[in-house]
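Residue numbers (my numbering), protein chains in the order written: chain A, 1 to 259; chain B, 260 to 587.
Mixed in with the good hints there might be a few duds.
[Stated by the list, open to error] Some but not every residue of chain A turned toward chain B, in silico, with C-beta under 7 Å:
(1) R2
(2) T5
(3) T9
(4) R13
(5) R20
(6) A89
(7) G90
(8) E93
(9) Q94
(10) Y96
(11) L97
(12) P99
(13) K251
(14) Q252
(15) G254
(16) L256
[Said to hold, decoys possible] Distance windows between CB atoms, simulated:
(17) E276(B) - S27(A): 37 to 43 Å
(18) Y21(A) - S520(B): 55 to 61 Å
(19) L115(A) - R279(B): 41 to 47 Å
(20) E281(B) - N24(A): 40 to 46 Å
(21) Y21(A) - D322(B): 38 to 44 Å
(22) E276(B) - N24(A): 33 to 39 Å
Keep in mind that the hints were calculated from the coordinates and are not lab data. Even glycine gets a Cβ: it sits at the ideal position worked out from N, Cα and C.
Each chain, letter by letter, is given below.
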Amino acid sequence: MRLGTLFRTVFRRELTMMTRYAVNTVSSLVSIYILFVLIFLGMQRLSSTMAGEFLNDTLEGTIIGFFVWTFTIFAYSDLSWSLTGEAQAGTLEQLYLSPFGFRRVCACTVISTFLLNLIPHTVFLVAMMATTGHWLRLDVVSLLPLMAITVMGAYGFGFALGGLALVYKRIQALFQIVQFIFLACLVVPTRIPWVRFLPLSMGNSLIYDVMVQEKRLWELPPMSVLTALGVGAVYLAIGLIVFSRCECVAKQRGLLGHY
Amino acid sequence: MEETALEVEAMSKTYRERGRQEVRAVDNVSFKVKQQEVVGLLGPNGAGKTTIIKCILGLMQPDAGEIRVFGQDVTKHYPRVLENMSAVLEGSRNLYWRLTAWENVLFFAGLSGISSRDTHDYFNYLIELFSLEDKKNVEVRKLSQGMKQKASIVCALARRTPLVFLDEPTLGLDVETSLELRQILKQLAQQEHRTIVVSSHNMDVIQDICQRVIILSGGRIMVDDHVDHLIKLFETRAYRIALDGHPSSELEEALAARFSSINMAAQKYGVEIKINLSDRDDIYLLMDMLRSHGAIIDEISHEDIDLERVFLEVVRRERDEYASGHSI
Numbered sequence: 001m002r003l004g005t006l007f008r009t010v011f012r013r014e015l016t017m018m019t020r021y022a023v024n025t026v027s028s029l030v031s032i033y034i035l036f037v038l039i040f041l042g043m044q045r046l047s048s049t050m051a052g053e054f055l056n057d058t059l060e061g062t063i064i065g066f067f068v069w070t071f072t073i074f075a076y077s078d079l080s081w082s083l084t085g086e087a088q089a090g091t092l093e094q095l096y097l098s099p100f101g102f103r104r105v106c107a108c109t110v111i112s113t114f115l116l117n118l119i120p121h122t123v124f125l126v127a128m129m130a131t132t133g134h135w136l137r138l139d140v141v142s143l144l145p146l147m148a149i150t151v152m153g154a155y156g157f158g159f160a161l162g163g164l165a166l167v168y169k170r171i172q173a174l175f176q177i178v179q180f181i182f183l184a185c186l187v188v189p190t191r192i193p194w195v196r197f198l199p200l201s202m203g204n205s206l207i208y209d210v211m212v213q214e215k216r217l218w219e220l221p222p223m224s225v226l227t228a229l230g231v232g233a234v235y236l237a238i239g240l241i242v243f244s245r246c247e248c249v250a251k252q253r254g255l256l257g258h259y
Numbered sequence: 260m261e262e263t264a265l266e267v268e269a270m271s272k273t274y275r276e277r278g279r280q281e282v283r284a285v286d287n288v289s290f291k292v293k294q295q296e297v298v299g300l301l302g303p304n305g306a307g308k309t310t311i312i313k314c315i316l317g318l319m320q321p322d323a324g325e326i327r328v329f330g331q332d333v334t335k336h337y338p339r340v341l342e343n344m345s346a347v348l349e350g351s352r353n354l355y356w357r358l359t360a361w362e363n364v365l366f367f368a369g370l371s372g373i374s375s376r377d378t379h380d381y382f383n384y385l386i387e388l389f390s391l392e393d394k395k396n397v398e399v400r401k402l403s404q405g406m407k408q409k410a411s412i413v414c415a416l417a418r419r420t421p422l423v424f425l426d427e428p429t430l431g432l433d434v435e436t437s438l439e440l441r442q443i444l445k446q447l448a449q450q451e452h453r454t455i456v457v458s459s460h461n462m463d464v465i466q467d468i469c470q471r472v473i474i475l476s477g478g479r480i481m482v483d484d485h486v487d488h489l490i491k492l493f494e495t496r497a498y499r500i501a502l503d504g505h506p507s508s509e510l511e512e513a514l515a516a517r518f519s520s521i522n523m524a525a526q527k528y529g530v531e532i533k534i535n536l537s538d539r540d541d542i543y544l545l546m547d548m549l550r551s552h553g554a555i556i557d558e559i560s561h562e563d564i565d566l567e568r569v570f571l572e573v574v575r576r577e578r579d580e581y582a583s584g585h586s587i
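With these hints in hand, go ahead and build the complete structure from the sequences.
As structure tokens, then:
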């Protein structure tokens, strides 16, 4: 069996779906962009009463935070919503009939959406930088691995909630709560020791170092990179374990094809 | 010796949910399907057809039993064993509605590692066989129900697996489309030399497509036989008797008490009796009863029988035996 064929197949589906649902993707990004502009205008107003450096520092953090948040939200939502969507549409059982196994199909989906999401989100990032006039460094070689490490934790949440949705069905409200948990993780400063173990936090801090401090990946503290990688891997592993347990329950109760 | 494609041994499945009564969906079911055989699973809703198929496909976990596909234990060799199986499942849409029929075919074949470069001609052959060539580049959501169902079957066949499950393939289709689909499936079964398991509650589908039928009721196998043999068997026992004049109420009561399958209908000339006899000697008993009550027999003939009559008779017998406390 050829894994390359499976990946090409899934990537082609994601690309086609992305173009067919382009209006949905663009409108989501536009609404987040409008939110960003409102925050930016508010900050400008606030900065008129404070020192100029305050705005610069906060603005850079806000741009990166927004970028990382929207990217992880899209990655996480793509996974959790697609699992429930496939169950709802009745295609989930067909995916389970792949001799490659559902996990490999899922892995191909995750990698495909990660790569495809980079395009609109880079446009979004450039739009934010153009709006604020703050141009940050886009070191693709350093940023890509850090983005992957950062979203690993989000994918863990995606798998866990997707698994719970297979058993308990309508839990979309929980999906939305998690988006705000992610936001909180990005806002809390990483100098507080335990914050490093929250999903996204450490990765976000390292992305800040690359984009603002203009460090390359190999110039970053190895311990910090390893911590971000370890935290992402642990959340992903927990998510996969939860998904696996829920999948077993769904198969025992015959719930895979139900919604 | 013909090799076995599918072997199900002592499979049971009970649905358990908190606060609800347990439902035994499949009860100690065993059967074998030979390679290139076309077998029908026939039964009313809730008979266990879909549960059996989903357990075989690994989409559900049976409580007990063993399932082997081409000699491979499904549990031990999952998901690799799926190289040999594909399915169109009842109640599922089986397709992406935002993709075209052709894109769906490429996607579902690709899920099995089959590239369009290798089998482009075969995909086109299937599309033509199911008369979808004009609609192949149309998004599935814009297709009629019948076309969607055809596209689902094409997607399952595009995986080129030697064993194919079609769960209620004509469900929800109008009479004309159902008939057309049955004809295509019949042709396909003859041409493709694949092992096909069709589940349906529609007798015509099974009678048209399948060589063998497994009749299920209440999660158990009632009958497992060749369709032709089954029909012949029941044909020899199904009689139509025309009586000149009306029989006495005493005779009517006696017949009803002795033959539970008897059906008497008043006609212009008298009464028409339709009866399925479970024992060959019963015909003599019936004649004796009619003669002793003075009934005048005008005509006796074998009744034309179809799978529907067979099915109803099997289910009726099961009900009778259950009511009288006998094990089946």
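Here's how the hints hold up against the structure:
The beta carbon of R2(A) comes within 5 Å of a beta carbon in chain B, closer than 7 Å, and the hint placing it at the interface holds. Residue-level restraint check for T5(A) holds (minimum Cβ-Cβ distance to chain B is 5 Å; threshold 7 Å). Here the hint on T9(A) is kept, as its CB sits about 3 Å from the closest CB of chain B, short of 7 Å. Contact between R13(A) and chain B, as hinted, is supported at the beta carbon level, the nearest pair being about 5 Å apart and thus within 7 Å.
For R20(A), the interface hint holds, since its Cβ comes within 7 Å of a Cβ in chain B; the closest pair sits about 5 Å apart. A cut of 7 Å between beta carbons decides the hint on A89(A): the least distance to chain B is about 6 Å, and the hint holds. Because the smallest distance between the Cβ of G90(A) and any Cβ of chain B comes to about 3 Å, under 7 Å, the interface hint for this residue holds. Here the hint on E93(A) is kept, as its CB sits about 5 Å from the closest CB of chain B, short of 7 Å.
At about 6 Å, the closest approach between the beta carbon of Q94(A) and any beta carbon in chain B falls short of 7 Å, and the interface hint on this residue holds. Because the smallest distance between the Cβ of Y96(A) and any Cβ of chain B comes to about 6 Å, under 7 Å, the interface hint for this residue holds. For L97(A), the interface hint holds, the least distance from its beta-carbon to any beta-carbon of chain B being 6 Å, beneath 7 Å. Because the closest C-beta pair between P99(A) and chain B is about 4 Å apart, less than 7 Å, the hint holds.
Interface restraint check: K251(A) against chain B, minimum CB-CB distance 5 Å, threshold 7 Å, status holds. Of the supplied interface hints, the one on Q252(A) holds, with its beta-carbon coming within about 5 Å of a beta-carbon of chain B, less than 7 Å. The beta carbon of G254(A) is positioned within 7 Å of a beta carbon in chain B (closest approach about 5 Å), and the interface hint is therefore held. Interface hint status for L256(A): upheld, as the beta-carbon distance to the closest one in chain B is roughly 5 Å, under 7 Å.
A beta carbon spacing of about 40 Å between E276(B) and S27(A) agrees with the range 37 to 43 Å that was offered as a hint. For Y21(A) paired with S520(B), a C-beta distance near 58 Å keeps the hint of 55 to 61 Å intact. The supplied range of 41 to 47 Å is met by L115(A) and R279(B), whose beta-carbon atoms lie about 45 Å from each other. About 43 Å separates the C-beta atoms of E281(B) and N24(A), a value consistent with the hinted range of 40 to 46 Å.
Checking the proposed 38 to 44 Å range against Y21(A) and D322(B) shows it holds: the Cβ atoms sit about 41 Å from each other. For E276(B) and N24(A), the Cβ-Cβ distance of about 36 Å falls inside the hinted range of 33 to 39 Å, so the restraint holds.
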